[in-house]
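Q: Listed below, chain by chain, are the residues.
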Amino acid sequence: MKIEFEHRQAAHCENGVTAGLLRYYGIDLSEPMVFGTGSGIFFSHMVFIRVNEMAVTSFRVWPGVIFKRVTKRFGVSIKWRKFRDPDKAMQALDSLLARGIPVGMLVGVFNLPYFPKEYRFHFNAHNITVIGKEGDKYLISDPVTENVESLTYDELKKVRFAKGTVPPKGRMYYVTSMPEKFDLKSAIIKGIRKTANDMINIPLPMFGVKGIRYLAGKMREWPSKLGDRSAVMNLGQVIRMLEEIGTGGAGFRFIYAAFLQESARVLQLPVLDELSVEMTGAGDRWREFAWQASRCFKNRDNGEITYDMLADILLDIAAREERVFRQLGQLKFT
Amino acid sequence: MKVSEVPQDKGYLIEGRISDLNYAIDNDGRYTSRQSRGWKPKNEAIKFAWDQVYEHAGKLRQQILDGILSPIALYMELNLMDISILAGYTGISKRKVRKHLRMKEFLKLPKEMIDRYAEALNITAEDLVNIGKIREFKYED
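Protein chains in written order, with my numbering: chain R, 1 to 334; chain Y, 1 to 141.
Excised from the complex, chain R in its bound form (with noise of 0.2 Å):
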């Protein structure tokens, strides 16, 4: 069987998980609104946790974050469920189908069948929506993918039970109630404070604008303390996690502008659509970014761009991103 569940691909696999489940139980909102009163946009350069032995960076909050903000700002009621036994996580699954309910769920990546071999690695915060089941195929809701996919019983099971950093454990949820009515004004009022807050205020270095800084701090100094090899290693992660598939970094900065766009609109605020092109401007100078630092790659050795030249990018970046979050904090809000 299968639920009369619309598939649209998303830029960002929780936002679109997020925007799909609100939009079958009847409120449609745009991936950008999804994101944006999510507070989605986040900075963070984290060495204490390690993909691949190097720092973490991420373009985002925290895996689940979104989902969570977004469905508390519109007054949804959600379930979650974690397992430790795969099998039970699986019938846990099968009666909600049974029962009408799309179930959003946390899964690895690695051993997606549908996911080019290439871009695989073992990211285990990918969301997807399962739709269904028709005889021993669940039919899935990627926001990655075109079409809706299907894996079998063991490839889901595999999956919800990804091993590595920071396993999903058959983590699912669904919407157990909707709100009578919501209010799109304050969702998005609260989403920008939050948000600006989070990228100026945080007292550690690795966070919000302050961590783009660190990143640059850091990566100057990667070719004299791990040697070349090594830093190009750790810019290639940089990069890899920027452009990820499903998890754009410079992706971000443009669904946050569309996402200011469209609220200067819905609030009548005018100087949101100022803080629109800002936004893109540094989403244009990250895409500028990894550009420069992907000809590292081609001409390893002849040095024409430097780590010093990359990190002034960065500084550049921290500087735009620094001026629109700080004047989104200070905004008020009739």
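Treat each hint with caution, since some may be false.
One side only, chain R facing chain Y, incomplete, derived with CB under 7 Å [said to hold, decoys possible]:
(1) Q9
(2) Y119
(3) H122
(4) E146
(5) T152
(6) G164
(7) I239
(8) F254
(9) I255
(10) S294
Hint data in this document are derived by calculation from the structure and do not stem from the laboratory.
From the three backbone atoms N, C-alpha and C, an ideal C-beta is built for every residue, glycine too.
Using the hints, position chain Y against chain R.
A: Frame of chain R; chain Y shown alone:
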């Protein structure tokens, strides 16, 4: 980024199946979304990462042929796994996985353990114990 700048550099995405949705501005300055088939810098970063993996795998291959390391080491690398991830997928303790990376210990493994490793490493048990496969392994650019 303008809609006309949304990159269409073919790489590893699968046409008609997986693409990157990008948000970009149209001629009137309004945001809209467009599918991208890939972007050169990203494709290069991916290729670079795999080059590193294969380069390392080539070194492991030699150590396996020299009888020092077991084939698990090579397939672990190709699956981008470390000892802890492999231990997770097999349910075998990290200490034992580390031990089984040595050829001497690998040769003593019972069929049941080989099966568990093979499943976790996404290959058949026959391939895992086939040293010919290791000899044939080479990096394809």
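Q: So, for every hint listed, does it hold in this structure?
A: Hints, one by one, checked against the model:
1. Hint status for Q9/R relative to chain Y: holds, with the closest Cβ pair at about 5 Å, below 7 Å.
2. Because the smallest distance between the Cβ of Y119/R and any Cβ of chain Y comes to about 6 Å, under 7 Å, the interface hint for this residue holds.
3. At about 6 Å, the closest approach between the beta carbon of H122/R and any beta carbon in chain Y falls short of 7 Å, and the interface hint on this residue holds.
4. Residue-level restraint check for E146/R holds (minimum Cβ-Cβ distance to chain Y is 6 Å; threshold 7 Å).
5. Hint status for T152/R: violated, given a least beta-carbon distance of 15 Å to chain Y, over 7 Å.
6. Contact between G164/R and chain Y, as hinted, is supported at the beta carbon level, the nearest pair being about 5 Å apart and thus within 7 Å.
7. For I239/R, the suggested interface contact is upheld, since its CB lies about 4 Å from the closest CB of chain Y, less than 7 Å.
8. The restraint placing F254/R at the interface with chain Y holds, with a minimum CB-CB distance near 4 Å, inside the 7 Å limit.
9. Look at I255/R: its Cβ gets to within about 5 Å of chain Y, closer than 7 Å, so that hint holds up.
10. Checking S294/R against chain Y: minimum C-beta separation of about 3 Å stays under 7 Å; hint holds.
Hint violations for this structure: number 5 only, all remaining hints satisfied.
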